[in-house]
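Q: Chains as they are written, first to last, in UniProt numbering: chain A, 1 to 533; chain B, 1 to 281; chain C, 1 to 359; chain D, 1 to 292; chain E, 1 to 362.
FYI, nobody ran anything at the bench for these hints, they're computed from the structure.
Because the structure is a prediction, the values reported are computed rather than measured.
Please note: incorrect hints may appear among the correct ones.
[Said to hold, decoys possible] Derived DSSO-like pairs (lysine-lysine); straight-line CA-CA distance at most 27 Å: (1) E:K100 with D:K8; (2) D:K157 with B:K10; (3) A:K203 with A:K308; (4) D:K8 with C:K78; (5) E:K311 with C:K175; (6) A:K238 with A:K289; (7) A:K41 with A:K101; (8) C:K214 with E:K129; (9) B:K10 with D:K181; (10) C:K118 with C:K93; (11) E:K53 with D:K181; (12) A:K451 with A:K206; (13) A:K245 with A:K203; (14) E:K129 with B:K273; (15) B:K273 with D:K8; (16) A:K59 with A:K41; (17) E:K311 with C:K181; (18) B:K110 with D:K8; (19) B:K110 with E:K53; (20) D:K157 with A:K308; (21) C:K93 with D:K157; (22) C:K175 with C:K112; (23) C:K214 with D:K157; (24) C:K93 with C:K181; (25) A:K182 with A:K206; (26) C:K175 with B:K10; (27) E:K129 with D:K8; (28) A:K289 with A:K518; (29) C:K25 with D:K181; (30) C:K287 with C:K28; (31) E:K176 with C:K287; (32) D:K8 with E:K176; (33) A:K245 with A:K101; (34) C:K175 with D:K157; (35) B:K273 with E:K127.
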Amino acid sequence: MRSRPYKGLVAVAAVAALTATACTAQNEAQHKPKEKAALFKPGSEISYQKYGRNYPATKVKDVPGRCSYESISRKDYSGQTLKIISHAVPVIGEPTQLHAKQFEEITGGKVEVVNVPFGELHQKILTPLQAGQPAYDVMFYPSLWIGDMAPYLAPVPENYLNTTGMQDVTAAYMDVATWDGKVVQYPVDGDRHYLKVRTDVLKDAKWQAEYRKTTGKELQVPRTWAEYQQTAKFFSDKDLDGDGKPNYGSAEVTKRDDLTFSAFISRAAPYVKNPDVEGGVFFDLETMKPLINTPGFVRALEDMVKAKATWAPGGANFGLGDEIFSFGGGQTLMSYSWDDAFIQAQQPDSKIRNMVEAAPLPGSTEVYNRTTKSWDKKANRAAYFTWGWTSAVTKASSHQEMAFDYLCFFSNEANTALDLTIGRFGINPYRIAHFDPEFWEEQGWDEDVAKAYVNTLSGMEENPNRVFDLRVPGVNQYMSALANGVAAALAGQESPQRALDGVAGEWAKITDQIGKDKVQSAYRNVVALEDES
Amino acid sequence: MRSRLYPVFKYTVIALWACFVAGPFFWAMTTSFKNANAVQGGPTYLPWAQYEPTLTGWRNIFGGAGGIDVIDPFINSAIVTIAASAISLALGSLAAYALSRYRFRLGFIKNSDIVFFFVSQRIMPPVVLVIPFFYLLQWGGLLDTIPGLVIVTVALLLPIAVWVMVDFFNGIPREIDEMAMLDGCPPFQTFVRAILPNSLPGLTVAAMFCAVFGWNDFFFAFRLTFTEVQTLPQAVVALNSSIPPWWTLSAAALFGVAPLILLALWVERLLSKGNLSGAVR
Amino acid sequence: MAQLDIIDVGHTYAPGAEEERWALKPLKLTFESGRTYALVGPSGCGKTTLLNILSGLVRPSRGRVLFDGVDVTALPTKARNIAQVFQFPVIYKSMTVYDNLAFPLQCRRQDKARIDAKVRQVAEALDLHDRLRQPARGLTADDKQLISLGRGLVRDDVAAVLMDEPLTVIDPQLKHSLRRKIREITEQFRPTVIYVTHDQYEAMSFAQELLVMKDGRAVQQGTPEQLFEAPSSTYVGYFIGSPAMNFLTVDRNDGPFTLGGRPLSVAWDIPRRTTEVRVGVRPEYVKVVTDPGPNTFPGRLRGVSDHGAQRVLDIEVAGQPVRAKTPREEGVPVGEEVLVHLPRAKVLPYADGKLVLRS
Amino acid sequence: MDGLRRHKSMFLLPGLLTLFLIIIFPLLFTIRVSFSGWNVSNPQMDFIGGANYTAMLDDSRYWASITRLILLAGGTVLIQYLIGFGMALLVWREVLGRRFWRVLFLVPMMTTPVVMAAIWQTIFHESLGPVNDSLGMLGLSEIPWLTESGPALFALKTVEVWQWTPFMFLLLLAGLLSLPKEPFMAAAIDGAGTWRTFWKVTFPLMAPVSVAAVIIRLIEASKLSDSVYVLTSGGPGSSTETPGYYLYIQGLRDQQTGYSGAMSLTYLVLMIVTLTVVAALLTRALKLKGDS
Amino acid sequence: MNLSATDLCLTVDGVDHLKNVTATFRPGRLHTVIGRTMAGKTTLLRALAGLQKVDSGSLTRAGADFLKTPVWRRDTAMVYQQFINYPHLNVFDNVAFPLKRAGLSRDEIRRRVRQSLASVGLADFEKRKPSQLSGGQQQRVAMARSLARGTGILLLDEPLANLDYKLREQLRDEFKTLFSEQGDTIVVYTTTEPAEAMMLGDVVLVMHEGRILQSGTPQEVFERPATTTVASIINDPPMNIFAGRLAGGQVTVAGFQATHASAHLADLPDGSYRFGLRATDVSLASSGVEGQVTFVEISGSETFVHVVVGKTPFVVQIEGIHDVALGDVVRLRLRPDRLFAFDEQGALMRTPSYDLASVEGR
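Bound conformation, chain A alone (with noise of 0.2 Å):
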């Protein structure tokens, strides 16, 4: 009786020692695969349905190549055990447990995927990378954390690069991928900002009248973000489907602790970017000051302040989430951010299916210089290639080979093709292949539809007016300084300036803490990217 409390402690401690043991011994050598028959032949058909039911009876032909379902099929990795933090159910993260399983069944080995809400991810990721303790061998994470992450990186190797996929990825996201000239992340998804809109609104006559009448100007497809705003303020408070319950203007992801600093990057990219000068719209590149509490950012909150107006209810605290369910579900006219929502508009059973249109982020009339500290006046758009999911191996990692075919089996052209369908999946257009109508038209998509789209996608790859994200060591702070800002001034509690001069503390701030070569050297690479271009 006496010991029995003892017991239990001394059974922990066993079991502690035991679990300790195992994991050491784990990872005392790099596992090699062994060869094994196919499982496929070469150009199978690949489809999802048999996961479930919610899948989409498509079907795409196996592309021959490394990362195939038939080469993959080869490879013998049981025993072996792959760990894999991703983003939380369903956008990247159920891709993840999908291929996870697949990959599974075609190569015997183990995959364990992890879970975690966006919040988390950064911290879950960097804490055990920064403490040494082997947690994950794969990770998917906003591209943008590149900073962060590339010191504890495996770059891809050679034999990866080679492949007919991610020979594909457009330059771009390769671009995006790549940290003091090597490749250490596996891209797996394109993102950008683009304007969405309902066309059966925007293109109807009998609203055109109206909007004409009331305004003296034409209704079209928003080119500035003051026509943005004054068509979102038409529709606001409007019936447009006749449905009895009231429309509104623009969806915008505002949520302070979510993605709203790349929705008001995207507002401020015309303000801001001006393609006659160069080095960096965040930062002075030269002496790191932060340059977010100039005019030009300055004016873009303004603009975002005044949008309130046009939200639906709660629109002040919505999510990425909840963007998509407003355009998506069609409760809002218009809405700026990832394909998501566009995606979610069209799917199948959406009630706006083909009634929606991809357009370019709208520009300005007018962008900021800051060399001469005056505006330019002329007509401005950039491309602000926002962060997207990316992939990568720790260099950790004691399963490299079998984390790259992971992610290589991930990113195979088969199930790319599947993937981007399904608008949950938070999988957008990253390779030359994915910019083709007629894979949309398959989807059922309308053909201008299809099209409409597919333009504003490419046609960001050639926009030489480039805007990326602040990819630098801590840009988490940095963004969340940034947040903080907006979230401010959209509450009412600080005017845009007083807003963004704090934020301008802040960062300068952070900077000093993080080290200003360091900060400065990862943006120099940034910079290099919207200049070179």
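We have chain A already, so just place chains B, C, D and E on it with the hints.
A: Below, chains B, C, D and E alone, put in the same frame as chain A:
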């Protein structure tokens, strides 16, 4: 004199509160049978009448596509909760017994200060603990293991166990201890044979609190595990992405509550029998 | 102060049970105004049920309760105008002694001056007048009981004061003085008091009249003296008095009673019966004598128990145990063989356990 | 029981040492780290003196969150206490379906806060949630629950009240059930009405349980962050930020480990002092000293 | 195997709980410790049991230092005032508890439990829980548990105090038989009731304020109380103690009444004394000292009349039940031949002749 309206008032208040308490469950229940379109169509409450129910949400928590699998996390949660509660109760009641029966004095530190030390652990913001815990468990090779999680959970639950049990033991006459010792039991046997069997109500309450806090811990489990050990709240939170599938989330929430409702039934039973009087003070 | 009438009141906690098994068998009683009564009997005898019926906590299964002729059977406690002192001291923890005493009057919205006068008067009687401003929860258990009593006494109109074993939790040394205090106060205020206890000692020294209860029945009602001198049953004889009354089985063949073959005269003649007859005699009246005589029987001394001022002698008379209580100064008889005298006037006849009354 | 010196530590030490060992390292670590510049890009235990503490003094967001917490925790615990006590009183004695009510009223505390907060988020969803829908049906205008600071705080309080009133309810109901009957009899005999009986009998008798329950709840409420995290993420602006959540943002999300260490320690000290004072005040206000 | 206490002292917060307690407890004897509440009786028992540490003094058993023996090896059983049993065990298991600890065989345990329960009259209650028993029955269970083990030391701390008097009377009789069967056990029994101490005890120890004032056979203590305090403790009602003067063969009591000194006081020098007179030796009479009745109590079979004479209170004990009204003026007859004489410090000088031979000198 109580007016005739009093019962009306009483039942109205009870009913209102009951609605408030049950509302979220009802909402979760009805949402769990919806799909994306039913959710986006605006708030609806009655299946069939207002929307076409589907089992997607429920299927999704049992490994359905785009969902999660709650079975393994459920088992992990159960193991961690039970093990941590058991250890906390064992260590906690031992310590509580000592604090209730003996006088400690170490400089200015007295019994009440030791009790306060235990209870004050609950004041610690979890953020303070989690990063050091990470390194602590890493050092012991216990990250992402059930024993590691159990150890951490014990730190969270031990204060609760001590708090409840000290009070409870104070209510058991010391004469019982004395008698047991006179009857030939050394102190430890006295505790095990004479005191513990009489502490069932207190142990029950302590166990309930331990179970509730252990079962519902997300913060620590989330940060101290990677892939091997996933507890139920972690599995559910994995659904909280930028496009939260309300239906799956609702089904998962209801699933996670189920075992603890049984606990509530048990606690109520003890309450009704009057067994908890003195156990909670 | 009121007269309380219990008319054919009986109660069972298990509806439908036959009357024999009721917790309180139907009975009729009267508690006269201004007198003190004790309900006494072992636990489970029905005394608490009866008290609860009086206080309104229990509604009797049968019968009526009248307070001064008014039927209160259906009235709740609050409407009955009684006062009660409980086993465990009940005070209002958050109030001072003064406020505790004033509380019943404040509840009845009496005017301040009147309340003050009354509270001071009662506090004086309770010896609490110098502690009126103290918080009541700081007092000792016996003082708390006095406050409980005082809350009844401040009310002029109280129908009866019920006391439910009020000395249970009082320290043994203080029991005596508290009992004394309560008695003095009741002498002074003269309320109708009904005092429940399982302790005969308490009952007898407190009440003017006792009601001995057993198995849900009132066995005997009377003054302490009556119960001592003429217990109506062997049970009362056993229950009242220490040591208990001696009961001896006697024979009766065609003539007077005989004990061990010798004639025994009893206090009064009783009709002939076929049933067993026993005689009862208090140990106080049993005398050890040196000379033979009437009602004197030989016995054997079995043991002596020294109680201090008295000794109790265990004697066997005609094969039956008899106890005699003798003053210390009389010493202990020498040798085993003794003569025991049973004074005729104190030897009472019992048949079927009941005192046979003088015909 | 004296003379058992050797044995008493045998009981206490396993628990005390376990807790001590588990806790002492984090505490020392935090103290040390609070003097370091440990952050996301510099995860090292260097020494930067009291810089973190100085920075903290100027951090208005931190101090605002502490003030907010005091109001939020104090407010919700008070509401929880009032409702919990009220409900416990209502289902204490004869009431139809007593056991059903009791179980129902206990259930919310059994639920996982992060998960239920997610459900609450859907409930307060401004266009798809039932709350605004119901308001609409009642002819009231919709309320921007999570996007304006007033309603957001209200929503947060609602969730807290929903989740933790059962805790109060349980402690207070158990307390009520263990009360002796006599004081209530005495009050009835003395002619006290319902109101007076409550204030003069029930409440004073329940005072010790009440103090314990309130203190424990305050301790737990001081850590309020899960529901903030899920429900409003501290927004709009920073108007629903609590120290727990702010510490989480700084310490975990932004990984300002050193800085958050300094804030955590300060917060810990503040809370211990505050709670001790509150406990002492409550005890004195309800005159519990020297009363068993 | 005597248990000897020497100079046991214990002071808690400045109050003496035990003060130089020296006593020897012998096997096969029943020692009753009588004293008022708080006299230190319970503390003494707890010290003997090892439940209470003492400040100084020694305790030896068969020559060995008993203070160093832990409680569970003291071979001691204790019965508490508050019917303490194990609430979770039924009657049988309660009694069996110490036997199991002692490692007896199951059959032996069953035999002993049955025997022990039978001896306290609870043979049919084996399966009941203590909470289902009346107070008297609970106390009998406690007795049975203590007896079943056959310990070397049996301590009883006012075991009857919380029972009503009829039960007390009955259990007292039973105890007498039970203890006499205990053979070589050292029994120590505390009580506040003189009659109980007298009738049960082989040896009576009188305790007051932590000290043992006197010990001896019941008869010795009762008839030769060493001090006024002992006299008052050992008598129920307490002996009437009053100041008086002895002069010229006359005792002057309360300043106004003289009575002829009895023979046993004859050789006392004149002077101030304190006199003691038992309640039984005062009676209500048609002539005598005049006093007023302040209170009347009735015990089982006696009436105690409290009378105040001037400022001196007297208690009169009358056999049987009598109705005496409060406030009546009565006359008291004090029996001079029953006077105990104490010096002014309270030490016994003379005892009445019917008791032991008078104390020779000082």
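Q: Work down the list of hints and note, for each, if the structure agrees.
A: Structure-based check of each hint:
1. E:K100 with D:K8: With a Cα-Cα distance of about 24 Å, the restraint between E:K100 and D:K8 holds, given a limit of 27 Å.
2. D:K157 with B:K10: The given pair, whose Cα atoms are some 24 Å apart, holds under the 27 Å limit.
3. A:K203 with A:K308: Since the Cα atoms of A:K203 and A:K308 sit roughly 25 Å apart, the hinted pair holds (cutoff 27 Å).
4. D:K8 with C:K78: Judged against 27 Å, a Cα distance of about 52 Å means the pair is violated.
5. E:K311 with C:K175: Satisfied, since the Cα-Cα distance of roughly 23 Å is no more than 27 Å.
6. A:K238 with A:K289: violated (45 Å)
7. A:K41 with A:K101: Holds, at roughly 20 Å.
8. C:K214 with E:K129: Measuring from Cα to Cα gives roughly 25 Å; hence the hint holds.
9. B:K10 with D:K181: Since the Cα atoms of B:K10 and D:K181 sit roughly 22 Å apart, the hinted pair holds (cutoff 27 Å).
10. C:K118 with C:K93: holds (21 Å)
11. E:K53 with D:K181: Roughly 40 Å separates the two Cα atoms, so the pair is violated.
12. A:K451 with A:K206: Status holds; Cα separation ~25 Å.
13. A:K245 with A:K203: holds (21 Å)
14. E:K129 with B:K273: holds (17 Å)
15. B:K273 with D:K8: violated (34 Å)
16. A:K59 with A:K41: holds (15 Å)
17. E:K311 with C:K181: Holds - the C-alpha atoms of C:K181 and E:K311 are around 19 Å apart, at most 27 Å.
18. B:K110 with D:K8: Satisfied, since the Cα-Cα distance of roughly 14 Å is no more than 27 Å.
19. B:K110 with E:K53: This hinted pair holds, its Cα atoms lying about 20 Å apart.
20. D:K157 with A:K308: With Cα atoms ~26 Å apart, D:K157 and A:K308 stay inside 27 Å; holds.
21. C:K93 with D:K157: It is violated: about 34 Å lies between the C-alpha atoms, which goes past 27 Å.
22. C:K175 with C:K112: Not OK: C:K175 and C:K112 at ~35 Å, beyond 27 Å, violated.
23. C:K214 with D:K157: The given pair, whose Cα atoms are some 61 Å apart, is violated under the 27 Å limit.
24. C:K93 with C:K181: Given that 27 Å is the threshold and the Cα spacing comes to 23 Å, the pair holds.
25. A:K182 with A:K206: violated (55 Å)
26. C:K175 with B:K10: violated (45 Å)
27. E:K129 with D:K8: violated (31 Å)
28. A:K289 with A:K518: holds (14 Å)
29. C:K25 with D:K181: holds (26 Å)
30. C:K287 with C:K28: violated (40 Å)
31. E:K176 with C:K287: holds (25 Å)
32. D:K8 with E:K176: With a Cα-Cα distance of about 39 Å, the restraint between D:K8 and E:K176 is violated, given a limit of 27 Å.
33. A:K245 with A:K101: Violated, because 42 Å separates the two Cα atoms, which is more than 27 Å.
34. C:K175 with D:K157: violated (55 Å)
35. B:K273 with E:K127: This hinted pair holds, its Cα atoms lying about 22 Å apart.
Violated hints for the displayed structure, listed by number in ascending order: 4, 6, 11, 15, 21, 22, 23, 25, 26, 27, 30, 32, 33, 34.
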